[in-house]
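J.: Here is how the chains run, residue by residue.
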Amino acid sequence: MSDIVLETRNLKRSFGAFLATNDVSLKVERGARHALIGPNGAGKTTLINLLTGVLPPSEGQVFLEGEDITSLASFRRVNRGLTRTFQINQLFNDFTPLETVALAIAEREGIGHNLWTSIAGYGSIVEEAAALLARFGLASVMGERSVILPYGKQRLLEIALAFASRPRVLLLDEPAAGVPEDERHEVLAIVSDLPSDVTVLLIEHDMDLVFSFANRISVLVAGALFTEGTVAEISADPRVKAVYLGENA
Amino acid sequence: MVATSSSTAAASRAAKLMKRRSRVRFYEIIVWIAAIAAFFVLPSKMLILTEIAILALFAVSLDLVLGFAGIVSLGHTAFFGLGAYIAGLVALHYVAEPVVGLLVAGIGAGLLGFVTSFLILRGSDLTRLMTTLGIGLMMAEMANQMAWLTGGADGLSGFSLGPILGLFEFDLFGKTGYVYCLVVLFVGTMLMRRLAFSPFGLSLKAIKANPMRAGMIAIPARKRIVTVYTIAAVFAGMAGALLAQTTSFVSPDVLAFHRSADVLLVLTIGGTGYLYGGIFGAVLFTLVKDWLSIVTPQYWMFYIGLILVVLVLVGRDRLARWVEYLPERLSKSKEEGR
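So the protein sequences, as listed, match chains A and B. Take the first sequence: its position 97, counted from the start at 1, is 97 in my numbering, and no numbers get skipped. Take the second sequence: its position 236, counted from the start at 1, is 236 in my numbering, and no numbers get skipped.
Please note that a few of the clues may not be correct.
Unchecked claim - Restraint-style ranges between C-beta atoms, simulated for each label pair:
| hint | chain 1 | residue 1 | chain 2 | residue 2 | range |
| --- | --- | --- | --- | --- | --- |
| 1 | A | G66 | B | L311 | 53 to 59 Å |
| 2 | A | Y244 | B | L311 | 52 to 58 Å |
| 3 | A | V147 | B | A37 | 37 to 43 Å |
| 4 | B | A153 | A | S124 | 58 to 64 Å |
| 5 | B | V100 | A | W116 | 23 to 29 Å |
To be verified - Here are a few chain B residues that face chain A, going by a calculated C-beta distance under 7 Å:
| hint | residue |
| --- | --- |
| 6 | P199 |
| 7 | L202 |
| 8 | S203 |
Treat the hints as calculated values from the structure; they're not laboratory data. On a predicted model such as this, the values are computed, not experimentally measured, just so you know. Ideal placement from N, C-alpha and C gives every residue a C-beta, glycine not left out.
Extracted from the complex, chain B is given alone in its bound form (with noise of 0.2 Å):
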């Protein structure tokens, strides 16, 4: 008997731990608001908005890698690249409507990640880094090389998007293009929260954490991998779409190395492991950034280069996941008070 009600209650401990762990943080709504309030509140701040919306994106995509299944690259950028020029090229040629573009991106940045997924998956961190560096370099060529369909050098330019959904005009002010930007970075974050709390994303962090324990409890490593990879690639090659379609233009500049290692730094300077790492990443790198360039606009790159230092530094492993302390700590007092 005492051992039945005992089991019993473990189980329903059980539940509720499992229960918190999913459960929305007080973060998580702030940034939503403060998002949604920023659009009223700085009505001349659009652009930057936009801007952040997509690096968030883009960030959180590397975050499901990087944070989540362990795996380094400096690579990224290939998918975001990928993506922009398949949007350019979609409103160029077929549908001027974004939400198709933005589709067809993902596909095709996402069906990138799969094939390359297969040369990630044996070695350490050095060879991946060294692999993903190198297919970002590669695309970067090809689009530079194909200029026929690329624009080569000049990029590509000349298209330009009707409402969406046919029905919401992009204005001159890109109150329109926030607005999508972050529709889009909210419904991808809310799907890969999803994927964080799923089983999938738990076997994720056990291949990150030990490999040879992970593979001792049937998880089969290499599949998860690719899925995951897939997953990124896709909403990267979002992210890269957004940037395309609400410029109007894209840049070789997508493809560069620079933006490998700046989604890197975002991620960083948020945290990786919990998504919302790449949100706060994006908003202080692009604030700081931009305050910075105004501030000292030739030595802007030295303080984001000393900032990184010190951020390394000091923060080391508490850096992934600063922000999980508070709510923790509030959820454990709760608990203990009880």
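Just chain A, same shape as in the assembly (with noise of 0.2 Å):
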């Protein structure tokens, strides 16, 4: 069991004085349910934006599956298999969900440079578009503007159109925030559905989630990497409670 998907080497990203990712080394192994977790400003989104290109580093190495993809622009990442989602929302406000998901589709498939044929042409892109809209409830809105949905049904948006691209490793930023209480279990439900090789990486703030959903756990403080264990290696971890109890207190 040592075969590492996502990797970083020594990471490090400043903003000005403010050293936001400290030398961070971190393994994913293939088919882990991975969490990521710390108190607020610990670094977590920062962490996952230089895995994904959304920020570059300011020093160190991000693998995938053992090739050097730090200098690789987003769109090339995620062509490698590696997407994400976002803690905010970001969707395209005018599209609808149909029009998003089809889209998302069409890219993984590599025909979004086809100028000449309307998507409607795509029949098979378009039938798997609803049929992952309706796996996240969503197919009753498909055809309304996504800005004008009610937040949760925005949220399984965002998670859906990750789910779009067929990732093989999946990072979630807080997926199941502002999520309904009734439709959070049912979202982790969908993310637990996927192939035993997909890898997720998952950053969240519900303990209960956490520790349900992962196998391993990484705690990040102050942006550096606190520790690393099983599940239950960390909920029995006194210093862990330490900081968490520290950032309520």
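Using the supplied hints, reconstruct the complex from the two chains, each of which is provided in its own coordinate frame.
T.: Structure representation (structure tokens):
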């Protein structure tokens, strides 16, 4: 079990004098359900941004399947099977959920550069988009503009959109935030249903969700890796509790 | 079983929605019928109709860049002007047949578009405005200085055009000219319309709406921008060629800054992001300009400015799609009625 899919080596990112990511060397195994936890401001989202190419690192490298992807643009990383969801929804406001998901599927299939055929002409793409939307409970609103959807639905679309790219490594940045209570477990159930060779790195504040979902946990504090271990190890670690209690106090 | 039937229902609804996206709207038919009717009803107005058709093609091409990819430009006339000069030079030195000149002008302008597209890949709206403005100014000065080729400040004249495809002579009243421009506008708009509803067109709007997310669904934004900028330049160049061919003259004014500003104004009037805004805007802009220049020959620019300010303040973002309102409401109420 040393099949590392995603790895960072001495990753650093500073914003001015502030070190948001401090020498992080993280390894994620293939098929892992890996959770990244830590108090607010620990640099979890920055780390995801570095992994996905939204931000360039100040120092260090990112490897996907053993290949150095540090200097690759986001879209190239997605092509290689690495994608993510955003903590704050990043949607195309005027697009309908159907258009949004269909476009992502079209890009995955490499036909995004086709400037002659209407998307309606690609029956299989429209069908797949409809099926994906139905799975996420978005079938009834597939023709509405995304921006007018209720927040919970937008959240589901945010996650469905990442699924449309059929990632092999999926980074979820607080996927359940803002999802209504009753739909929360549904979302995580869909994520859990992913084939076992799909690797998931999850950022989440809800510890119940983390402990029920993850099989490995890394704790990030002040931009640096604080500790890492199995769910049992982390949940029993008094230092981790202190970090969280310290935050709550 | 339930899940299967519900997902089949979703699929058929999705197929219907997707088809409806690209269906021909009512206003599109009206536009083309009106354009053809104008030929018969307004025989004495061929020159202004031709002017409208040329401006419309120019504006529709800018909409590809501005309304779809979200790239602001103050130098779109660089392509228009280059197309005009190329068409003039082709007619003067090589072939009098206009369609050849039109195509060569499109290719030439497209090449310039391709090369300059790399300069607008980076930076903010302001950087892009300044870069495109700079390219436009450089082109204007080059045309002015290369008098041996372009006629300099006097413009390029002394060429006349043969019959279109060897069949249709240009006439004194400009009837052939109008039909020619209208056909080019129609074909150009139809081609761009296909592009608009293709995955490519949708990906441009995604880049405009949210570049970060666009990257995260694997859209290669820079490549797409290079492509669309080049295509837009081709059509802008063709619009310039039409002007040169229908007037048998290329004035250095084809590269003037005010043309870039005018065409932005046209799109602001007509609305961006659905192509026909360029056509509606060209009609309104030209008619208002024509009317004002008769009513107040000295102060018409003042009123154009006033209209612009009022339009932007009143319209705001609604402006971008005012024509969409009616048909969308119609189609929605139809579905709900069922």
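J.: Does the beta carbon distance between Y244 (chain A) and L311 (chain B) stay inside 52 to 58 Å, or does it fall outside?
T.: 56 Å, holds
J.: Taking 23 to 29 Å as the stated bounds, is the beta-carbon spacing between V100 (chain B) and W116 (chain A) within them?
T.: 25 Å, holds
J.: Are G66 (chain A) and L311 (chain B) spaced within 53 to 59 Å by their CB atoms?
T.: 57 Å, holds
J.: With a cut-off of 7 Å, does the beta carbon of L202 (chain B) approach a beta carbon of chain A closely enough for the hint to hold?
T.: 5 Å, holds
J.: With a cut-off of 7 Å, does the beta carbon of P199 (chain B) approach a beta carbon of chain A closely enough for the hint to hold?
T.: 4 Å, holds
J.: Does the hinted range 37 to 43 Å hold for V147 (chain A) and A37 (chain B) at CB?
T.: 39 Å, holds
J.: Given S203 (chain B) as an interface hint, is the shortest Cβ-Cβ distance to chain A below 7 Å?
T.: The hint holds - S203 (chain B) has a Cβ within 7 Å of chain A, the shortest such distance being about 5 Å.
J.: Has the hinted range 58 to 64 Å been met by the Cβ atoms of A153 (chain B) and S124 (chain A)?
T.: 59 Å, holds
Hint violations for this structure: none, all hints satisfied.
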